[in-house]
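The sequence shown: position 449 = 454 (the working numbering), numbered continuously.
Quick caveat, the hints were computed from the structure, so don't treat them as lab data.
Just so you know, not all the hints are guaranteed correct.
Label-pair ranges, simulated between beta-carbon atoms [stated by the list, open to error]:
no., residue 1, residue 2, range
1, K426, G467, 44 to 52 Å
2, R440, G326, 26 to 34 Å
3, D324, V395, 30 to 38 Å
4, D136, K202, 19 to 27 Å
5, Q200, D324, 20 to 28 Å
6, A160, A412, 27 to 35 Å
7, T196, L47, 53 to 61 Å
8, A415, E441, 25 to 33 Å
9, R392, E97, 34 to 42 Å
10, D334, A412, 52 to 60 Å
11, R207, D454, 29 to 37 Å
12, A36, G134, 26 to 34 Å
In this text, all values refer to a predicted model and were calculated from it rather than measured experimentally.
Think of the CB as a built atom: it goes at the ideal place given N, C-alpha and C, for glycine as much as any other residue.
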Amino acid sequence: MTFSLRNALFSAVAASALILAMPVRAQAPHAIEVSVDEAACLAAPVPACTAELALKAASAEPEGWAATAAFEAFLQSDPDLAARERWMARYEAWAKIATVDGIKERIVPVRAEHLARKGDFAGAYRELGLDQPQPSALSEPSILILDEARAGRIADALPRIDRLVESDSRDELRLEMLEVALAREPAVADTVAGQIKDRFSRRMAQALQAGARGDMAIARSIDEWARGARANQTAPFDDPDTARRDSWDMVLRGAVAGGNLDGFRKALAARPAFNSAADAESASRILRILMREGRADWIRAFGPALKLPEDETVSVDEDIGPMRTLPADKLAAVADAAEATGRVRGTIVDTAVEMLVARGAVTEAREVFVRLGRIDELNRVTFDQERIGVVFETLWRAVVGRGPKEAVDAMAARITSEGAKAYIARVAGLEQRMREIAAGNKGEEPADDEWAIMLDIAVASGDSALMTKVAAAMKDPGLRSTAFVQVTKNMWERAAR
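Start from the sequences, fold in the hints, and give me the full structure.
Laid out in structure tokens, this is it:
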């Protein structure tokens with residue numbers, strides 16, 4: 006899903022479901038039925054047994070957050086669809102007996118998300134009470150409606166807007182659905198656009214469609230209309246410049262949705278440059294789409310238009326998660342394309358590096374970081390005050406875990422930043438300690454942040470036995486459960502790759 010349906014729809018069920026966002030201590034222990042041979046699993050770990058070890062540890066964590074986190078991670082990540090049904094059934098069975106405040110309410114949006122992920126949107130609406138003649142006033146169905154549209158069910162999702170969405174939000178949602186239609190079901194785009202009522206929103210719909218077709222004549226006429234509408238105070242713009250920018254941004258988004266690179270370039274040439282603080286948000290939105298879809302050529306076309314003020318930059322963290330599913334070569338191409346974007350190149354490169362690490366392409370991440378000059382940037386800045394420092398820490402843990410030693414040493418030799426060198430030394434010490442712990446020589450319990458570093462190193466190694474032993478050695482049951490979840494997901498992901 007593009008958004009987290011479960012989190013977004015908590016309010017659709019009851020305010021009490023939010024309690025688990027900040028766990029409350031349970032009044033009594035809660036058991037989870039688990040069957041696993043721990044010794045056999047440590048000797049020959051596979052996802053089926055490490056998942057059970059995660060639940061076994063979670064049953065000893067008294068607040069309940071570890072169990073909910075484990076069940077929900079497995080529901081989202083298990084590649085076996087039949088197994089997801091079993092996880093759901095076990096989660097529901099546990100929730101009936103768990104002494105955790107809010108758990109019974111929490112199950113409802115989780116089950117709805119599970120149904121939607123399977124494509125059973127009718128069941129998801131029913132689960133949330135949105136099939137009633139008068140749905141709850143607390144319900145917020147917009148994200149579920151858009152997810153249904155993205156799943157190729159626009160004809161089913163479109164009529165739900167009139168029934169389930171407040172009247173003043175309907176056209177805004179239809180515009181978003183039109184964007185989805187242009188990308189996934191162009192044949193129904195006119196049907197969606199035809200249901201937009203508000204005059205201003207209809208113009209924005211025309212701009213989207215003009216961008217998808219590359220029709221600059223229509224785009225320019227909307228530009229003229231937008232300026233005139235602002236002058237007559239009949240459109241919701243702050244000023245004439247914003248009027249032009251907003252209408253052209255819809256043209257650009259339409260070109261992106263329709264896959265029309267030539268139209269995108271023409272719209273960029275016609276739009277005022279992205280050179281003000283007001284442009285940062287729209288530039289960020291467009292850039293996020295291009296990055297998560299791996300559109301390197303589009304980023305190169307977009308780059309020269311980015312002329313934001315010195316104190317402004319783009320924000321690409323929101324809704325960027327799907328980018329990690331791109332092939333490594335596409336992620337590397339996005340990083341290369343960042344050279345065309347001027348001051349924001351570092352943000353794009355670093356995000357690509359993080360995504361490469363997240364999908365296990367550690368060698369490619371290291372090569373991109375070195376090849377595109379990020380080591381030089383790291384050596385220039387104050388390590389603990391810049392985002393690149395955090396990115397380096399993530400990368401370095403993975404580089405050390407993956408090896409080979411020659412590549413690790415060669416990269417370390419180029420680091421002159423004192424902060425980075427101190428971190429390199431810390432990781433070296435923890436790597437040695439990790440291997441001692443895996444051999445059965447634990448000694449004093451490491452701090453939580455030390456466990457996190459050691460587990461990242463072990464996971465990056467791709468050695469299932471090593472990472473399982475590290476997870477098993479953690480004393481705190483919540484931490485141990487979280488570690489086994491990470492180990493299980495890593496094994497699933499490596500098997501899929």
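Which hints, by number, does the structure contradict?
1, 3, 6, 10 and 11
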